[in-house]
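Peer 1: Sequence:
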Amino acid sequence: MNIDNLQQEVPNKIYVKARTLCRYGRVKNILRESRNIWNGEVSEHEHYIMEVCIDDNGEARHWYCDCLYPPGTMCIHVVALIIQLKREWKKRRLEGPACLTKVHPPRVIPYFRQIKAYSAKIRKVLKNSKHERFAANPGKVAGELSSFINLAKKRASDGGYEEAFAILFLVIKLTGESYEDFYDDCSIADQCNEASLFLISLINDERVPKLPELLTRDFGRLLSNDDYFAFELARIEDIISAIASRTLDVPTCMSYIDEALQNVRNHAGIHSLVKHKITFLRQLDKNNEVEPLINRFLHIPQVRKMKADMLCNEGRYSQAVALLTEGIQPAQEDGQLNSVIDLEEHKLSIFQALGHRKKALRTIETLFIQSKDGLKYYHLLKQAIAPEDWGAYARKLANTIDISCHPELRDIFIHTYMEEKMWDCLLTFVEKHLRLADEQILERYDSVLKTVRPDRTLRYYRSQIESHIGDDITQEDYKPVARVLSRMKKYPQGVVIVAEIIAQVERVHFRRRKLIKELQSI
Numbered sequence: 001m002n003i004d005n006l007q008q009e010v011p012n013k014i015y016v017k018a019r020t021l022c023r024y025g026r027v028k029n030i031l032r033e034s035r036n037i038w039n040g041e042v043s044e045h046e047h048y049i050m051e052v053c054i055d056d057n058g059e060a061r062h063w064y065c066d067c068l069y070p071p072g073t074m075c076i077h078v079v080a081l082i083i084q085l086k087r088e089w090k091k092r093r094l095e096g097p098a099c100l101t102k103v104h105p106p107r108v109i110p111y112f113r114q115i116k117a118y119s120a121k122i123r124k125v126l127k128n129s130k131h132e133r134f135a136a137n138p139g140k141v142a143g144e145l146s147s148f149i150n151l152a153k154k155r156a157s158d159g160g161y162e163e164a165f166a167i168l169f170l171v172i173k174l175t176g177e178s179y180e181d182f183y184d185d186c187s188i189a190d191q192c193n194e195a196s197l198f199l200i201s202l203i204n205d206e207r208v209p210k211l212p213e214l215l216t217r218d219f220g221r222l223l224s225n226d227d228y229f230a231f232e233l234a235r236i237e238d239i240i241s242a243i244a245s246r247t248l249d250v251p252t253c254m255s256y257i258d259e260a261l262q263n264v265r266n267h268a269g270i271h272s273l274v275k276h277k278i279t280f281l282r283q284l285d286k287n288n289e290v291e292p293l294i295n296r297f298l299h300i301p302q303v304r305k306m307k308a309d310m311l312c313n314e315g316r317y318s319q320a321v322a323l324l325t326e327g328i329q330p331a332q333e334d335g336q337l338n339s340v341i342d343l344e345e346h347k348l349s350i351f352q353a354l355g356h357r358k359k360a361l362r363t364i365e366t367l368f369i370q371s372k373d374g375l376k377y378y379h380l381l382k383q384a385i386a387p388e389d390w391g392a393y394a395r396k397l398a399n400t401i402d403i404s405c406h407p408e409l410r411d412i413f414i415h416t417y418m419e420e421k422m423w424d425c426l427l428t429f430v431e432k433h434l435r436l437a438d439e440q441i442l443e444r445y446d447s448v449l450k451t452v453r454p455d456r457t458l459r460y461y462r463s464q465i466e467s468h469i470g471d472d473i474t475q476e477d478y479k480p481v482a483r484v485l486s487r488m489k490k491y492p493q494g495v496v497i498v499a500e501i502i503a504q505v506e507r508v509h510f511r512r513r514k515l516i517k518e519l520q521s522i
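Oh and the sequence shown: position 320 is 320 in our numbering, straight run, nothing missing.
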């Protein structure tokens, strides 16, 4: 196994986990035992010792790890050791085989002025990626990257397009190289995206001189870095598309897209690459290759939606719906809820366009149950049902849904009852589906409950507390109970009822001094 092809040779799950171990600094104490043998240690849930033999051609000849993987298996820990070795060789911290000390050498683009100086400055900004876990300050790094982007904008406004391209290219390239080592809050990724958007605007600007072929080649190579897609760092494929339209070198740009499709494993990135390749194929009058390309990646929901759109454009609506339906079950099995929602929404748009009211209604009901934005679909349901039938329909829908299987719908139902001013239904729902453990939900709606049905809400709270304060009550429950009692005191007659409850607790649980002290403090 050649270590340059490591990502393609091992399962994706193992590679991603191994890379995470490196990112967290878990691979330590790397030592060179002999010319071709390296040892290392990994601290995961336990401590493991690994050994790997890599010859002068970069071939991993044999390896060992004392974990529970079968002997000879390329486990997560060995993969992590190889990844870390490649990083150390790249940074010249460890002596490696002659063929490996030149892995991904820094490239100098002679066309750009001051490229070396800018490269050094930006690398210095990104040096925090070398620190231990959580030591890097992404906000500070993002701020400094922003200053480089603003400098590029100033240079471009002054006509210094070469220098502007150099700065933007390096921000994108160097951020992509080190991003996996950061614990980012999206601020660094946002700056990388800002650099790519401004670069695209420059490429599309007719006032900017045409770019050299060298620029095309360098951005094409960035497509092989999966991190741009996995972390949504920069839309490199959009840059390539802009370059293709500007330089008219579509075949070269499409070859880079093809290379990326072989290497990129992130689904979000693949669908975007497929979309751009379709554009290139059509520009080259290779329409006969479009459908085979789409069928090759039909397992990706976004690509499936693209084909459904094509079928709709041809008037083949039933086939489009069938295609979307076929993709829903695999997405559900893989736990891709967002993909399921996307496919269902696509079906809904087709039904609505065709005027299929019953099918649209069933799809909205499905989305109401499955989507996190249930309130949106509640309003769609209300629009689809005649006003005189709405009350009966809403009650029937509530009775058919098992809230215990869909606890996320509790907020939605409460919102709907409040919007409809169905106060008794609201209290009935709360009494049936909320318990003291749902204190946060109850607190959100306490002001409404106190206003519309104070007596009934007080009775509900009292019954919940009395059933909650039993022999099995734990210290973790003391504060939630105290908080509920504190809210109850603000109700009419609440002070009296709370005093009765506290007195009852003092009689029954007189040994629980912490509980009594907690309740007496409200």
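Just so you know, these hints were derived from the structure itself, not from any lab.
One or more hints might be untrue.
Computed cross-link-like contacts, DSS-like style, restricted to lysine-lysine with a CA-CA straight-line distance of at most 25 Å [claimed, not checked]:
| hint | residue 1 | residue 2 |
| --- | --- | --- |
| 1 | LYS432 | LYS421 |
| 2 | LYS358 | LYS382 |
| 3 | LYS124 | LYS153 |
| 4 | LYS307 | LYS382 |
| 5 | LYS275 | LYS305 |
| 6 | LYS140 | LYS121 |
| 7 | LYS479 | LYS432 |
| 8 | LYS86 | LYS127 |
| 9 | LYS421 | LYS376 |
| 10 | LYS489 | LYS479 |
| 11 | LYS13 | LYS124 |
| 12 | LYS359 | LYS421 |
| 13 | LYS124 | LYS154 |
| 14 | LYS421 | LYS450 |
| 15 | LYS28 | LYS90 |
| 16 | LYS421 | LYS490 |
| 17 | LYS421 | LYS396 |
Label-pair distances were calculated between CB atoms; the ranges are [what the hints assert, rightly or not]:
| hint | residue 1 | residue 2 | range |
| --- | --- | --- | --- |
| 18 | TYR24 | SER447 | 36 to 46 Å |
| 19 | ASP373 | GLU291 | 43 to 53 Å |
| 20 | ARG444 | GLY391 | 23 to 33 Å |
For each residue, glycine too, the CB sits at the ideal point set by N, CA and C.
Peer 1: Evaluate each hint against the coordinates.
Peer 2: Results for each hint:
1. About 18 Å separates the Cα atoms of LYS432 and LYS421, which keeps this hinted pair within 25 Å; it holds.
2. At most 25 Å may separate the alpha-carbon atoms for a hinted pair to count; LYS358 and LYS382 meet this at roughly 14 Å.
3. Taken as a hint, the LYS124 and LYS153 pair is honoured in the structure, with Cα atoms around 21 Å apart against an allowance of 25 Å.
4. With a CA separation close to 31 Å, the supplied pair LYS307 and LYS382 exceeds the 25 Å bound.
5. At most 25 Å may separate the alpha-carbon atoms for a hinted pair to count; LYS275 and LYS305 meet this at roughly 11 Å.
6. Between LYS140 and LYS121 the CA atoms are separated by roughly 15 Å; this keeps the pair inside 25 Å, and the hint holds.
7. As the CA atoms of LYS479 and LYS432 are separated by approximately 23 Å, the hinted pair is consistent with the 25 Å bound.
8. This hinted pair checks out: LYS86 and LYS127 have alpha carbons roughly 18 Å apart, not beyond 25 Å.
9. The straight-line distance between the Cα atoms of LYS421 and LYS376 is roughly 18 Å, inside the 25 Å bound, and the hint therefore holds.
10. Only pairs whose Cα atoms come within 25 Å are accepted, and LYS489 paired with LYS479 is accepted, the gap being roughly 15 Å.
11. A distance of roughly 32 Å separates the Cα atoms of LYS13 and LYS124; the hinted pair therefore is violated under the 25 Å criterion.
12. Taken as a hint, the LYS359 and LYS421 pair is broken in the structure, with Cα atoms around 29 Å apart against an allowance of 25 Å.
13. A C-alpha spacing of about 22 Å is found between LYS124 and LYS154, which places the hinted pair at or below 25 Å, so the restraint holds.
14. This hinted pair checks out: LYS421 and LYS450 have alpha carbons roughly 14 Å apart, not beyond 25 Å.
15. With a C-alpha separation of about 17 Å, the suggested pairing of LYS28 with LYS90 holds against the 25 Å cut-off.
16. Taking the CA atoms of LYS421 and LYS490, the gap is near 23 Å; set against the 25 Å cutoff, the hint holds.
17. With a CA separation close to 18 Å, the supplied pair LYS421 and LYS396 stays within the 25 Å bound.
18. For TYR24 and SER447, the hinted distance range of 36 to 46 Å is satisfied, since their beta carbons lie about 44 Å from each other.
19. At roughly 33 Å, the beta carbons of ASP373 and GLU291 sit outside the given window of 43 to 53 Å.
20. Separated by about 26 Å at the C-beta atoms, ARG444 and GLY391 satisfy the suggested range of 23 to 33 Å.
Of the numbered hints stated above, those contradicted by the structure are hints 4, 11, 12 and 19, listed in ascending order.
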